[in-house]
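Engineer: What follows is each chain in one-letter form.
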Amino acid sequence: DTEVTQTPKHLVMGMTNKKSLKCEQHMGHRAMYWYKQKAKKPPELMFVYSYEKLSINESVPSRFSPECPNSSLLNLHLHALQPEDSALYLCASSQARLGIYNEQFFGPGTRLTVL
Amino acid sequence: AQKVTQAQTEISVVEKEDVTLDCVYETRDTTYYLFWYKQPPSGELVFLIRRNSFDEQNEISGRYSWNFQKSTSSFNFTITASQVVDSAVYFCAHYGGATNKLIFGTGTLLAVQP
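Keeping their order, the protein sequence lines are chains A and B. Okay, so the first sequence: first residue is 146 according to my numbering, each after it adds one. Okay, so the second sequence: first residue is 2 according to my numbering, each after it adds one.
Just so you know, these hints were derived from the structure itself, not from any lab. Among the hints, erroneous ones may be present.
[As the list claims (entries may be wrong)] Cut-off 16 Å, straight-line C-alpha distance, at most; resulting in silico cross-link-like pairs (EDC-like, lysine to aspartate or glutamate):
| id | chain 1 | residue 1 | chain 2 | residue 2 |
| --- | --- | --- | --- | --- |
| 1 | A | 183 | B | 45 |
| 2 | A | 186 | B | 11 |
| 3 | B | 4 | A | 212 |
| 4 | A | 164 | A | 230 |
| 5 | A | 185 | A | 230 |
| 6 | A | 167 | A | 203 |
In isolation and in its complexed conformation, chain A is listed as follows (with noise of 0.2 Å):
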């Protein structure tokens, strides 16, 4: 299996709602990321989960809230956000090796529509 799975495909939700988005791998990655991309933009790093723990938060504010409980998903829980959060969330996975760096395989991706 080497492919990252993203739940929901299409997410629409209003400024006072709680949502989360969910991405799965089964190929034994030990490192996870959260990309946000605006349209006609490249992505942007959210956030990296290295061996379940946070390494690396791109100073995301906090409505936006990363969770890994197993070394398979990656959670990303949203609470009033705002309608310029409306972009195209990626999850991504690779193997995590020190002083290595490894291609990283993502997901399709949740579009995110905030009103």
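Use these hints to put chain B onto chain A, whose structure you have.
Structural biologist: Just chain B now, kept in the frame of chain A:
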């Protein structure tokens, strides 16, 4: 600073034409990696190639080829005999220890017309 520049915002070609996508990078890392990803309209980023800074050998994979030149800090991507299925946004990206993250260029939208 680490930076990846893809000067071509959009390219339109007719099927079977060859097309080259340009990528120029700036880095202060001595060891780094360069990547190309394809993003079709469905949204998923598809990994195409990884190159490390010590390996300037050009690579060919089917209709795809890559030309890495450290002297000009370029990592260009050529599609030979383009097909409609090649239509997508293509991102060049850099990874190095100075930032410890993947830095993407702004992408090139390739439209292949039948």
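Engineer: Output the indices of the hints that this structure fails to meet, ascending.
Structural biologist: 3, 6
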